[in-house]
Amino acid sequence: MIYNIPYLAVVALVLIGLYALLFKRNLIKMVIGVTLIESGVNLFLITLGYRENSIAPIYTGSPGGIMSLPVPQALTLTSIVIGVAVLALMLSLVIHIYRHYGTLDVRKIRRLKE
Amino acid sequence: MNVPDYFIPLVVALPLLGAFLTPLVSRLSGKARNAFVVIVLGVNGILIGLLASDILTNGIRTYVFGATDLSLPVVRILFEVDAMSVFMALIAAILSFVGVLYSLSFMKEYSGLDKFYTLVLLMTAGMLGMMLTGDLFNFFVFLEITSIASCALIAFWTHKGESVEAAFKYIIISAIGALFILFAIALLYGQYNALNMAVLANSIQYTFLDKIALVILIAALAMKAGLVPMHMWLPDSYGSAPAPVTLILIGTTQASLYGAFRVIFTVYGGVFSDTAFASNVIGAFLVILALATMLIGVIMALRQSNLKRMIAYVAVAEIGYMVLGIGVRLNAALYNEVTQTVVWHPYTTTALQGSILHIMNDALTIGLLFLVAGSIYYATKKISVDQLGGLARKMKYTTVFFVIGLLAAAGMPPLNGFVSKLLIYESTYQLNPIIAIVAILASIMILAVFVKVFHAIFLGPEQESLKTVKEVPKPMLIAMGVIVCIILFFGLFPEFVITNIVEPATTAILNHTQYIGAVLGGV
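Protein sequence lines correspond, in order, to chains A and B.
Start counting the first sequence at 51; every next residue gets the next number (the working numbering).
Start counting the second sequence at 68; every next residue gets the next number (the working numbering).
In case anyone wonders, no lab produced these hints; they're calculated from the structure.
Mixed in with the good hints, there may be bad ones.
[Said to hold, decoys possible] For lysine-lysine, the following DSSO-like pairs were computed, each having C-alpha atoms within a straight-line distance of at most 30 Å:
#  : chain 1 : residue 1 : chain 2 : residue 2
1  : B       : 278       : B       : 175
2  : A       : 158       : B       : 449
3  : A       : 158       : B       : 448
4  : B       : 534       : B       : 448
5  : B       : 227       : B       : 449
6  : B       : 541       : B       : 175
7  : B       : 182       : B       : 541
8  : B       : 449       : B       : 519
9  : A       : 74        : B       : 227
10 : B       : 227       : A       : 79
11 : B       : 227       : A       : 158
12 : B       : 227       : B       : 534
13 : B       : 461       : B       : 449
14 : B       : 461       : B       : 175
15 : B       : 278       : B       : 227
[Unchecked claim] Some chain B residues well away from chain A (every beta-carbon gap over 12 Å; in silico):
#  : residue
16 : 98
17 : 120
18 : 125
19 : 211
20 : 235
21 : 246
22 : 254
23 : 578
Every residue gets a Cβ at the ideal spot worked out from N, C-alpha and C, and that includes glycine.
Just need the whole structure built from these sequences, with the hints factored in.
Right under this line is the structure:
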């Protein structure tokens, strides 16, 4: 059971992020929602790579025992870097939207018709 | 013709390197930068052409990063190129080259062009990477590169509130789609310890988690491709971006569609050859979504008064035709009790061929229409259909290009749209006549949309405010002319195109054992 807690945290993070995206009207809160989903996915990747009592996979001078595969960590690092780029882009767009519309409320940002 | 192995990564590396050299070259002069970008994409197009001729004659090729042979293919990143990949790469090459050629005049009066061309090259590199990679995580990375670059390009006209608004919608949709794709990749990785598509395809068991991963992948990629009901971002971003950017954006949505092809027919290819039920359910779902996409796309297009948004809704409808082939192929799978294998009717292969050819045709025709819309905007600074009229006298070539584009988009013989749509009609009819009827109806409505627009924009009396309108400059005409030449070639010699490019691509995408064998060796 105790090992399932990270997975529950993943589900919680993704659901809170989706909730923020779907029901929040403020653009900044929507951006926070996207980053919450991203954190959830990153946590999921990291949790997959975890093995109990494992060591870092450095072969020279290894004390023996289980080594954890470094691939999930590498994936997570890449994902974090991409996430930073996306976050910066989203926030800069929010700044531009605020300049044009004078508001961050999605209900008032509707120049593009249906 | 045989090409050396390093051609495969070079096709992606060249635009990537060019992207970061562009700001340096533009310190020299604007002309040097324009020439540099055109040369990079031209050379890249030639490389892709050579690679395509090699793959189409000699079959599948792989390139492993950081190794000279295929040792440890499970953990290494590799590019795997088959006929389907090069088919898509050819589309990307044509679109990016024509887009840049068009931008030379179209974007001339705007500042920040070094950034514009950097982003265009980055977008091209990302798009090509998505099409050539053989690794799911790599696919995700290239998808994000493409999304970020295209989002920045949609918002390139930051002085317009609409552009920024559309870009924000696009980045939210892209970010969510990409994160869910990553989630699905993690689900697969957690079970099979592999990210390589061939290795995954070899060991996939179709467990409960695999089903979840499949649904997430299809949904996220369909969202990125603009399938109804997840199409809301597409008219906004296509309509607000500069015309050459829209042209290349078509390529990025189709790269996502290619991802869906790859996931369904390669990674889950083994599963669908063993169980008919799974593929029937997913196929039925995709057929319904595709039909809804066609109808909603054209009905919304009829209501628009903004020319670019109208074409964007037609682009949504065209996506339906491409997905229809996948849906029909999956839905028509039959389980043979005696041999205990899944069999497909030959017409399902025809349907898939029609879809794959339609990917190319859609890129060309819808791309041409967007370029014409961009030319009209360039010449008149107006985009609403109500404010335009009588342009045929002033812009002869543009008028001819628009007529060709509208006939091709509506599937009129002897243009290219007719060939792919006929393949789709005659094959889907055998699954259920209603599918073909809806598809034909949508085509007729596309014709209605464009004939109305053609009459409003190009015919009628000359308007007072449009007295000074002149034909657009030569680079824009050449860019549109290139696409028109390809459209005419595809329309007049459909046999040549189908036997030489489309049939190998269809065979390659359906033959997942060959894809696995190229990596793992003789499985």
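Going back to the hint list, which numbers does this structure go against? 1, 15, 19, 20, 21, 22
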